[in-house]
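Q: Guided by the hints, dock chain B onto chain A, whose structure is given.
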Amino acid sequence: MSAAAGALPELASVYWRPRMTPERLRRRERLWTLTTLAHVVPFVLVAIVMVLLSPLAVPVSLAALAHAWLIPELYARRGATVTRSLTPAADGPERVSLGLLGDLVDHDARALHARTGLVPEPGRLGTWLVGEAGALLVHGRTVSCWCVRATDPEGARLPSGDRVAHLLLALRSDEEGFATVANLAFSGARWRVRRRLPKRQRAALDAVA
Amino acid sequence: MSRLIRMDGSGHTTLAEWTADDAASVEAAVAAFREELDQGSIAMVTRGPGQAEHVRELPLDEPLVIMRRPIAGG
Chain A
1 MSAAAGALPE LASVYWRPRM TPERLRRRER LWTLTTLAHV VPFVLVAIVM
51 VLLSPLAVPV SLAALAHAWL IPELYARRGA TVTRSLTPAA DGPERVSLGL
101 LGDLVDHDAR ALHARTGLVP EPGRLGTWLV GEAGALLVHG RTVSCWCVRA
151 TDPEGARLPS GDRVAHLLLA LRSDEEGFAT VANLAFSGAR WRVRRRLPKR
201 QRAALDAVA
Chain B
1 MSRLIRMDGS GHTTLAEWTA DDAASVEAAV AAFREELDQG SIAMVTRGPG
51 QAEHVRELPL DEPLVIMRRP IAGG
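Here the protein sequences line up with chains A and B, keeping their order.
Take 1 as the starting number for the first sequence in the working numbering and just add one per residue.
Take 1 as the starting number for the second sequence in the working numbering and just add one per residue.
Next comes chain B alone, as it looks inside the complex:
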């Protein structure tokens, strides 16, 4: 089961869960993913120790996709 989460005021919120062979869950996850992107979030997946990658499409084979807010210099 893969998860799409968003870091927010609650710690994090699970936006969608899917398995690659369940078309309905995939469709819902993709919709949630796009909605987050439209709201300005940035999608990240971890790539082992010290590595992360910004993704623009929902990677269906990743166990965890994290939505974060943009960062800015203070």
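For reference, chain A alone in the conformation it holds in the complex:
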């Protein structure tokens, strides 16, 4: 995928952001891991210390452990929402848009989209799963959740196939620019994101893992 010569025009609207690169992405993934640890470790330590101090403090320890579990889960839940389906348009436009999207991808991607609502797209940064209002980027055991969407034309809501096609075309023309324009909602372990996805979308994550 191309770099500066074919850069996304939308980059002008986020001129202050450094262009995403594989190295920058890995740094941001590590930062998310550290953030998760910063939330989990103190609560786990509190849980251990409280039990050591007094067995009567077991309920407090359990509450601390629950916090250690819940906070990363809430982050992951927020990340997983990027693949949510939006309100569909009328049947006619939906069919037309899915026809166009089908022309842009191969048979396997079409089949996966039909089952999960996500289109797989291999890239330099990892394998993408593109949805209507965002995308997942799978890299090894890490999944990054990107919130990004097509801006609706005035007075018209785009059908689902067009929403995906917008993101797919932008991604294909400038992958790193796409990751620069999109907002990173969460990055973390694949298993953690998978748990928070709707059941039908888990198959998409399994397919590209």
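It cannot be assumed that every hint is accurate.
To be verified - Stretches of chain A that chain B covers, calculated by requiring three or more beta carbons in the stretch to come under 8 Å of a beta carbon on chain B: (1) 96-106; (2) 158-166; (3) 181-190.
Just so you know, the hints here were simulated from the structure itself, not pulled from any lab data.
Every residue, glycine too, gets a C-beta built ideally from N, C-alpha and C.
A: Same frame as chain A, but now just chain B:
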């Protein structure tokens, strides 16, 4: 026959069709293309599997040119 389409609320709308040897159809397609650009659309052509390119002029030899809206972080 080449086509210029716009993804919109109807799925997509064909804005123009042209053949390179028909000057009138080319002229109409170029006008439609520029009008879309003026309204903030972005023109894309596909370049084989996994490849697409943003174009600023109407590529007359392409079978399909797709106009899309800008994307933005949510």
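Q: For every hint, state whether the structure bears it out.
A: Structure-based check of all given hints:
1. By the rule of at least three residues with a Cβ nearer than 8 Å to a Cβ of chain B, the coverage given for the stretch 96-106 of chain A holds, with 6 such residues.
2. Residue count for the stretch 158-166 of chain A with a Cβ under 8 Å from a Cβ of chain B: 6. That meets the three needed, and the coverage hint holds.
3. Counting residues of the stretch 181-190 of chain A whose CB falls under 8 Å from any CB of chain B gives 3; the rule of at least 3 is met.
Checked against the numbered hints given earlier, this structure breaks none of them.
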